[in-house]
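A.B. asks: Sequence:
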Amino acid sequence: MTPVPTRCFSGERFRAHRKAAGYTETRLSGVIGINRVTINAWARGAITPSLKSVLILSDVLGCTVDDLLAPVGEVASDGPDA
Numbered sequence: 001m002t003p004v005p006t007r008c009f010s011g012e013r014f015r016a017h018r019k020a021a022g023y024t025e026t027r028l029s030g031v032i033g034i035n036r037v038t039i040n041a042w043a044r045g046a047i048t049p050s051l052k053s054v055l056i057l058s059d060v061l062g063c064t065v066d067d068l069l070a071p072v073g074e075v076a077s078d079g080p081d082a
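Numbering (full-length UniProt numbering), first residue to last: 1 to 82.
Treat the hints with care, since some could be wrong.
[Unchecked claim] Straight-line distance between alpha carbons at most 16 Å, and here's what the computed EDC-like set of lysine to aspartate or glutamate pairs gives:
| id | residue 1 | residue 2 |
| --- | --- | --- |
| 1 | Lys19 | Asp67 |
| 2 | Lys52 | Asp66 |
| 3 | Lys19 | Asp59 |
Source of the hints: derived by calculation from the structure; they are not laboratory data. Owing to the predicted nature of the structure, the values given are computational and were not obtained by experimental measurement.
Given only the sequences and the hints, what does the whole structure look like? Please build it.
C.D. replies: Shown next, in the form of structure tokens:
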């Protein structure tokens, strides 16, 4: 039986932690080496970062990986059509 995910990356939580850490999208882009457009797409929920990227984000933003995750139903509401 395939496990059903209960938590996934939240663009809304990512955006909040990025701002709390004092990073603009442009500055974070330079620090982690990811295009600013990609960072913006993560924040909007248009695309999901890789596990490697989530680990880097948690380290740079000074939060846990769990801080960047939300229950699956909650994340559906912060996508591009919300």
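A.B. asks: All the hints need checking, so say for each whether the structure fits it.
C.D. replies: Consistency of the hints with the structure:
Among the hinted pairs, Lys19 with Asp67 is consistent with the structure: their alpha-carbon atoms are about 14 Å apart, no more than 16 Å. Using a Cα cut-off of 16 Å, the hinted pair Lys52 and Asp66 holds, with the two alpha carbons roughly 14 Å apart. At most 16 Å may separate the alpha-carbon atoms for a hinted pair to count; Lys19 and Asp59 meet this at roughly 15 Å.
Every hint from the earlier list agrees with this structure, and none is contradicted.
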